[in-house]
Amino acid sequence: MTWFGRLGSLLAIVALASAGCTSGGNSSQSGSGQSASQGGSAGQKTIGVSIQDLQAQFYEDMEVGMKAEAAKLGYAITFVDANRDQAKQTSQVEDFISKGVSAIVLTPADSKAVGASIAEANQANIPVFTADIANSSDKGVVIAHVASDNIQGGRVAADLLGKALAGQGTVVIIDQPEVTSVQDRVKGFRTELSLKYPNIKIVSDQSAGGDQTRAATVMDNLLQTYPSLTGVFGINDNSALGALSAVKAAGKGGKIKIVGYDASPIAQKAIDAGDMVGDPQQHPDVIGKLTIDAISDYFAGKTPKKVIPVPVGAYTGKSK
Amino acid sequence: MNLTPAARQTLLRAGGFIVGLVVLLVVLNAWTHGDFLRPFNVSNVLKQIAVYAVLAVGQTFVIITAGIDLSVGSLIALTGVLMAGVMVGEPIAAVGLLVAIGVGVGAGGVAGAVNGLPVVRFNLPPFITTLAMMLMARGLAFMYSGGRPIEIDNAAFNAIGGGTLFPGLGHLIGLPGIPAPVLVMLAVVIAGHFVLTRTRFGRYVYAIGGNEEAARLSGINVAGVKMGVYIISGALAGLASLLLAGRLSTGIPQSGSGYELQSIAAVVVGGTSLMGGRGSIVGTFVGALLIGVLNNLMNLLNVQSYAQEVVLGAVILIAVLLDELRKRYFASR
Numbered sequence: 001m002t003w004f005g006r007l008g009s010l011l012a013i014v015a016l017a018s019a020g021c022t023s024g025g026n027s028s029q030s031g032s033g034q035s036a037s038q039g040g041s042a043g044q045k046t047i048g049v050s051i052q053d054l055q056a057q058f059y060e061d062m063e064v065g066m067k068a069e070a071a072k073l074g075y076a077i078t079f080v081d082a083n084r085d086q087a088k089q090t091s092q093v094e095d096f097i098s099k100g101v102s103a104i105v106l107t108p109a110d111s112k113a114v115g116a117s118i119a120e121a122n123q124a125n126i127p128v129f130t131a132d133i134a135n136s137s138d139k140g141v142v143i144a145h146v147a148s149d150n151i152q153g154g155r156v157a158a159d160l161l162g163k164a165l166a167g168q169g170t171v172v173i174i175d176q177p178e179v180t181s182v183q184d185r186v187k188g189f190r191t192e193l194s195l196k197y198p199n200i201k202i203v204s205d206q207s208a209g210g211d212q213t214r215a216a217t218v219m220d221n222l223l224q225t226y227p228s229l230t231g232v233f234g235i236n237d238n239s240a241l242g243a244l245s246a247v248k249a250a251g252k253g254g255k256i257k258i259v260g261y262d263a264s265p266i267a268q269k270a271i272d273a274g275d276m277v278g279d280p281q282q283h284p285d286v287i288g289k290l291t292i293d294a295i296s297d298y299f300a301g302k303t304p305k306k307v308i309p310v311p312v313g314a315y316t317g318k319s320k
Numbered sequence: 001m002n003l004t005p006a007a008r009q010t011l012l013r014a015g016g017f018i019v020g021l022v023v024l025l026v027v028l029n030a031w032t033h034g035d036f037l038r039p040f041n042v043s044n045v046l047k048q049i050a051v052y053a054v055l056a057v058g059q060t061f062v063i064i065t066a067g068i069d070l071s072v073g074s075l076i077a078l079t080g081v082l083m084a085g086v087m088v089g090e091p092i093a094a095v096g097l098l099v100a101i102g103v104g105v106g107a108g109g110v111a112g113a114v115n116g117l118p119v120v121r122f123n124l125p126p127f128i129t130t131l132a133m134m135l136m137a138r139g140l141a142f143m144y145s146g147g148r149p150i151e152i153d154n155a156a157f158n159a160i161g162g163g164t165l166f167p168g169l170g171h172l173i174g175l176p177g178i179p180a181p182v183l184v185m186l187a188v189v190i191a192g193h194f195v196l197t198r199t200r201f202g203r204y205v206y207a208i209g210g211n212e213e214a215a216r217l218s219g220i221n222v223a224g225v226k227m228g229v230y231i232i233s234g235a236l237a238g239l240a241s242l243l244l245a246g247r248l249s250t251g252i253p254q255s256g257s258g259y260e261l262q263s264i265a266a267v268v269v270g271g272t273s274l275m276g277g278r279g280s281i282v283g284t285f286v287g288a289l290l291i292g293v294l295n296n297l298m299n300l301l302n303v304q305s306y307a308q309e310v311v312l313g314a315v316i317l318i319a320v321l322l323d324e325l326r327k328r329y330f331a332s333r
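Respectively, the protein sequence lines represent chains A and B. Start counting the first sequence at 1; every next residue gets the next number (this note's numbering). Start counting the second sequence at 1; every next residue gets the next number (this note's numbering).
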């Protein structure tokens, strides 16, 4: 038995497998899959987008915003999912460089470790834009960063929780401290709370990695440790909804006030039902649209603003 | 030339294979509008598989003894943050580099020994001991780093994972050089192949996987050899982590998750039997290469992200199935 026989048959499957699914894949390329792979030769500009976690509602909305704007401006656009793995995202950036895309958009899987891959794209003279999460390393040059004003968003969360608690109580933060945008949210939250609601104490700040299941476990433990807890700030809706399920399971539904972040459809339902107080609401579709606009400006020879902030609103239930 | 019929058949098959391979590569290349075989892309693919391939070499040793090592993904995270941590604030770059490599590979090796000890002393299944290590190492990585990534500013360290060597050779094909992690990977593959096929230790690894009792009765130090394979796998996880952390210039406590399964997939696709006793490092390298090429092709061809995982899973299944059928076919002739 020789290994090349094995290699031969395997390569044959690779060919068949990729053949079988490119047709399917292309149809999802907002109608421009075929021309996307031809890129420059057809004269159409291609934008490669690698998203930290394409399964999150937030990024799905951002994708919709980007696709619509790209279609309007006549760009081909390709999305890949980094699955929260920076090594995977780095590989995706390299594959974009191989393909010779005209611009790359990243929502970094890791705001520090992404720098090296941005530097690689810089070296290949491909402009890089970031959306939602910024590059916080000193490597790599980004043309423009488009994101919600997360510090302001954190203040919105503090106001929602502060009012619901009438300025009195003990709260915990379900955190994801490795993400820059989350660091900003927590910073805004802490600042606003200490300025306007000095009688509300933050007793614990724990990471659940932005994951709903883990948030439920973390909240279970916090409920044991702090029986007198009155409020929770979940740095995203997964964290808030995870906390909510733990609070309900402990029979404290309604007694503990919960504020999330993002106002995803499921969180909106929880807010409408009174299970959650409210959410700062980002506008991911606007972030997507403005990112493509910044790219278009850059293609046209203009210099987009280095940081493009998108304001955060508040969702407090169906308008009554 | 005087060739035995068997050797002639092998040569013929090799010839047919090479022709087939060239045709296939040309087709794939045309299909990606020439992007696939561009030197930059070939160098990309090799760079991208380096971490998996190094892990998979260690995994091959373990699997040939009919064991399994589920801890390597978490060990990447643990040794990664440890290496990043010991370099913080170290004023002399060369010292930091050497200490970091020692700590990373050493900690991996120690973890491997902890994996192996209960297996050889108390006959616990390796699935259990390495599963326990997978959980412990991940938790320790988070504890050590406080859940936050640790940035690495040691240029030499980052060059091992992300730099290039031999610029002269690279310029011939229009690249800045040969990626350093690719050279590390090739060195590990060659060394692994040598140890497995040309040393007494390597032969013992096969003997134990084939029939552990028979190996024991024939005087082989079964416990020692099994400890050896787990230590090798752990130490190579430390080395793979060096490549990954250097490439990202960061030690990340979340990194490496799922890599244990990727490495097992590469080993299995490469024809190594999970039952032990059979397999090769070259096969494993081909398996890692195949998975890497497939991932790269799907990105070049704009295959949707979710579909990529379906294809990857299906290819692993079909590859192993075809290999089994092919073996039966040749065995029956």
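Source of the hints: derived by calculation from the structure; they are not laboratory data. Beta carbons: idealized from backbone N, C-alpha and C, even for Gly. Accuracy of the hints is not assured; some may be wrong.
Cross-link-like lysine to aspartate or glutamate pairs, in silico, EDC-like; alpha carbons within 16 Å at most [as the list claims (entries may be wrong)]: (1) A:K72 with A:D297; (2) A:K196 with A:D159; (3) A:K196 with B:E151; (4) A:K187 with A:D159; (5) A:K318 with A:D275; (6) A:K139 with B:E309; (7) A:K88 with B:D153; (8) A:K187 with A:D149; (9) A:K72 with A:D275.
One-sided and incomplete, this derived list gives chain B residues near chain A with beta-carbon spacing under 8 Å [to be verified]: (10) R38; (11) N41; (12) L46; (13) A156; (14) T164; (15) L165; (16) G168; (17) H171; (18) T197; (19) R198.
Hints versus structure:
no., hint, in the structure
1, A:K72 with A:D297, "holds (14 Å)"
2, A:K196 with A:D159, "holds (8 Å)"
3, A:K196 with B:E151, "violated (35 Å)"
4, A:K187 with A:D159, "holds (14 Å)"
5, A:K318 with A:D275, "holds (13 Å)"
6, A:K139 with B:E309, "violated (31 Å)"
7, A:K88 with B:D153, "violated (22 Å)"
8, A:K187 with A:D149, "holds (12 Å)"
9, A:K72 with A:D275, "violated (40 Å)"
10, R38, "holds (7 Å)"
11, N41, "holds (4 Å)"
12, L46, "violated (11 Å)"
13, A156, "violated (15 Å)"
14, T164, "violated (11 Å)"
15, L165, "violated (17 Å)"
16, G168, "violated (19 Å)"
17, H171, "violated (15 Å)"
18, T197, "violated (13 Å)"
19, R198, "violated (17 Å)"
The structure shown violates the earlier hints numbered 3, 6, 7, 9, 12, 13, 14, 15, 16, 17, 18 and 19.
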